[in-house]
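**Q** Chains as they are written, first to last, in this note's numbering: chain Y, 1139 to 1435; chain B, 1139 to 1435.
Simulated from the structure, these hints should not be mistaken for lab results. Where hints are given, some of them may not hold.
Since copy identity is lost for identical chains, a pair holds within one copy or between any two.
As the list claims (entries may be wrong) - Distance condition first, Cα-Cα at most 27 angstroms in a straight line; then the derived DSS-like pairs of lysine-lysine:
| hint | residue 1 | residue 2 |
| --- | --- | --- |
| 1 | Lys1368 | Lys1429 |
| 2 | Lys1429 | Lys1337 |
| 3 | Lys1363 | Lys1422 |
| 4 | Lys1229 | Lys1251 |
| 5 | Lys1363 | Lys1143 |
| 6 | Lys1431 | Lys1251 |
| 7 | Lys1166 | Lys1156 |
| 8 | Lys1200 | Lys1251 |
| 9 | Lys1368 | Lys1339 |
| 10 | Lys1426 | Lys1379 |
| 11 | Lys1251 | Lys1429 |
| 12 | Lys1379 | Lys1337 |
| 13 | Lys1429 | Lys1229 |
| 14 | Lys1368 | Lys1337 |
| 15 | Lys1363 | Lys1339 |
| 16 | Lys1146 | Lys1156 |
| 17 | Lys1200 | Lys1339 |
| 18 | Lys1422 | Lys1251 |
There are 2 protein chains.
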Amino acid sequence: MRDLKYNKLLSGLTLSTKIREELRVDLKECLLRNSTVRPPCLTMVLVGDNYASKMYVDFKHKTCQQLGISSRLVSLDSSVSQEELLVVIDKLNQDDSVDGILVQLPLPDHIDKQVVLSRIDPRKDVDGLSPYNQGLLMAASSEAVVPCTPLGIVELIRQVEPNLEGKLVAVVGRSLLVGKSVRLLLENYNCTTIGIHSKTKNPQTLCQMADIVVVAVGHAGIIDKNWIKKDAIVIDVGINKDNSSHTVGDVNRDSVYEQTINLSPVPGGVGPMTITMLMKNTIKLWKKRFKIKTKYC
Amino acid sequence: MRDLKYNKLLSGLTLSTKIREELRVDLKECLLRNSTVRPPCLTMVLVGDNYASKMYVDFKHKTCQQLGISSRLVSLDSSVSQEELLVVIDKLNQDDSVDGILVQLPLPDHIDKQVVLSRIDPRKDVDGLSPYNQGLLMAASSEAVVPCTPLGIVELIRQVEPNLEGKLVAVVGRSLLVGKSVRLLLENYNCTTIGIHSKTKNPQTLCQMADIVVVAVGHAGIIDKNWIKKDAIVIDVGINKDNSSHTVGDVNRDSVYEQTINLSPVPGGVGPMTITMLMKNTIKLWKKRFKIKTKYC
Chain Y
1139 MRDLKYNKLL SGLTLSTKIR EELRVDLKEC LLRNSTVRPP CLTMVLVGDN YASKMYVDFK
1199 HKTCQQLGIS SRLVSLDSSV SQEELLVVID KLNQDDSVDG ILVQLPLPDH IDKQVVLSRI
1259 DPRKDVDGLS PYNQGLLMAA SSEAVVPCTP LGIVELIRQV EPNLEGKLVA VVGRSLLVGK
1319 SVRLLLENYN CTTIGIHSKT KNPQTLCQMA DIVVVAVGHA GIIDKNWIKK DAIVIDVGIN
1379 KDNSSHTVGD VNRDSVYEQT INLSPVPGGV GPMTITMLMK NTIKLWKKRF KIKTKYC
Chain B
1139 MRDLKYNKLL SGLTLSTKIR EELRVDLKEC LLRNSTVRPP CLTMVLVGDN YASKMYVDFK
1199 HKTCQQLGIS SRLVSLDSSV SQEELLVVID KLNQDDSVDG ILVQLPLPDH IDKQVVLSRI
1259 DPRKDVDGLS PYNQGLLMAA SSEAVVPCTP LGIVELIRQV EPNLEGKLVA VVGRSLLVGK
1319 SVRLLLENYN CTTIGIHSKT KNPQTLCQMA DIVVVAVGHA GIIDKNWIKK DAIVIDVGIN
1379 KDNSSHTVGD VNRDSVYEQT INLSPVPGGV GPMTITMLMK NTIKLWKKRF KIKTKYC
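Chain Y with its partners taken away, still in its complex shape:
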């Protein structure tokens, strides 16, 4: 019964369904009005055969299909060299039929992620992880392609709290992909942000002050009620397996529910929102390229 307790506004499944339908309708109208323009195309690059990565790529592919986005997969052996991978990226950068390039992470250890992400043309960097786009996010530029997970997190939070101005946000975890990016994005909404990480002293005390807590650590159940202020909004970005192989987040749900019902579920919270925002970014890049403007995005 505990699942009934959480604030339904934080269901990523429900919100995703709504946004995906809006995107689908908007895209269909765009294509009707611009009959000479081909549909958007997302190309994913998958290195190796990591089970989870393949599953994510499959989710993304299916969602593209549902929305009318064309999607391709470049599948490379795990032994591919960094140079060979860069050649693939260069070709996709130059390929006029490709609007968005997504390199599925993680990459094998012999490949420098930073070098690969830097190589993606910023105009096709649908994940917003190239240094150029990260710099634009930092500058609060409207030109920035913002990473999908932070975008999804902000959309979820705004369901419960539309006015973010002045809210104190503690972000636990400082990955580029989530922690650092979501702090910058929330600051652009006039939040005050604290970055909490493994070297932070008294992290609980800082978290307890926060109106909103975003947890992206990758450690099951690391956050319990002692970290959370009464009625705070808690966004759980973690995806872990517990001892019974169930998918669980970074937050100890049963404990945190004693403080607040404003807790995003895992699964069905940030995960589907990330894929939805990937669709939104793909359409955004395509629109920008073909100079298509609509009221929606």
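Start from chain Y and add chain B according to the hints.
**A** Same frame as chain Y, but now just chain B:
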């Protein structure tokens, strides 16, 4: 007598003198060992005739001379168009005799600063303000060219507190040039950072918790003792004129001294450190270009 009270370790003049001498000697040795390589060259672009900007350019030029760095000035009329300025940047990007390009800010209102800074080749972006370099800073990449003021701030703090790990830092102000950049840089040293700005609720309470407070707001005397914890380190980045036309910082010194002597002076604190770090960045870019390695930097 109050000037005698501040912690001399936070004198930017003293520390700058030491670092500049080290840079001068290091550069001299580099040039002796690499006799075919020309000295580093910094080119500054000044638009208009703002008195303070001209003064800063002049300081930088003189410091280059002292260190054996060649410096040039491209001086443009305030009516120059954005397109014309971009042509100048493009030429400097392609000019093999130039290692570092610095566009003196502020630019006139009709020019989009972001567009101009984005145009600088990241390998010549000596101020570290292009989106690409900002993104590398965010990624904690060793390849990043870090902006000069944040670099200078960290050098000053480390004089008083060499071990930054776990320190709680409140940064007041969220400019790209200082506030956001210094937070990312300090986080790379394992500090915990809070970004405080005009929309922050209870900013005093948050500041009072901090071991280190960096103030970069541009408002004379905005921070007094009620914001500062006993013996905290306070770095004053502001440069303002008081009613008697004296140069003062953002911190009310007489008040803050009641809480701590660890306050950087204005003038003579962050200002000279910024110019020193500009010299360091220029030499760094030059060394990278000519693949010169030394023990110093």
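**Q** Compare the structure with each hint and give your call.
**A** To see whether the hints hold, each was checked on the structure:
no.: 1; hint: Lys1368 with Lys1429; verdict: neither (47 angstroms within a copy, 56 angstroms between copies)
no.: 2; hint: Lys1429 with Lys1337; verdict: neither (46 angstroms within a copy, 35 angstroms between copies)
no.: 3; hint: Lys1363 with Lys1422; verdict: neither (39 angstroms within a copy, 48 angstroms between copies)
no.: 4; hint: Lys1229 with Lys1251; verdict: within (18 angstroms within a copy, 32 angstroms between copies)
no.: 5; hint: Lys1363 with Lys1143; verdict: within (15 angstroms within a copy, 46 angstroms between copies)
no.: 6; hint: Lys1431 with Lys1251; verdict: between (34 angstroms within a copy, 26 angstroms between copies)
no.: 7; hint: Lys1166 with Lys1156; verdict: within (16 angstroms within a copy, 65 angstroms between copies)
no.: 8; hint: Lys1200 with Lys1251; verdict: within (26 angstroms within a copy, 42 angstroms between copies)
no.: 9; hint: Lys1368 with Lys1339; verdict: both (22 angstroms within a copy, 18 angstroms between copies)
no.: 10; hint: Lys1426 with Lys1379; verdict: neither (39 angstroms within a copy, 45 angstroms between copies)
no.: 11; hint: Lys1251 with Lys1429; verdict: between (31 angstroms within a copy, 24 angstroms between copies)
no.: 12; hint: Lys1379 with Lys1337; verdict: within (25 angstroms within a copy, 39 angstroms between copies)
no.: 13; hint: Lys1429 with Lys1229; verdict: within (23 angstroms within a copy, 30 angstroms between copies)
no.: 14; hint: Lys1368 with Lys1337; verdict: both (25 angstroms within a copy, 23 angstroms between copies)
no.: 15; hint: Lys1363 with Lys1339; verdict: both (18 angstroms within a copy, 24 angstroms between copies)
no.: 16; hint: Lys1146 with Lys1156; verdict: within (14 angstroms within a copy, 61 angstroms between copies)
no.: 17; hint: Lys1200 with Lys1339; verdict: neither (44 angstroms within a copy, 44 angstroms between copies)
no.: 18; hint: Lys1422 with Lys1251; verdict: both (25 angstroms within a copy, 24 angstroms between copies)
Hints 1, 2, 3, 10 and 17 from the list above are not met by this structure, while the remaining hints are.
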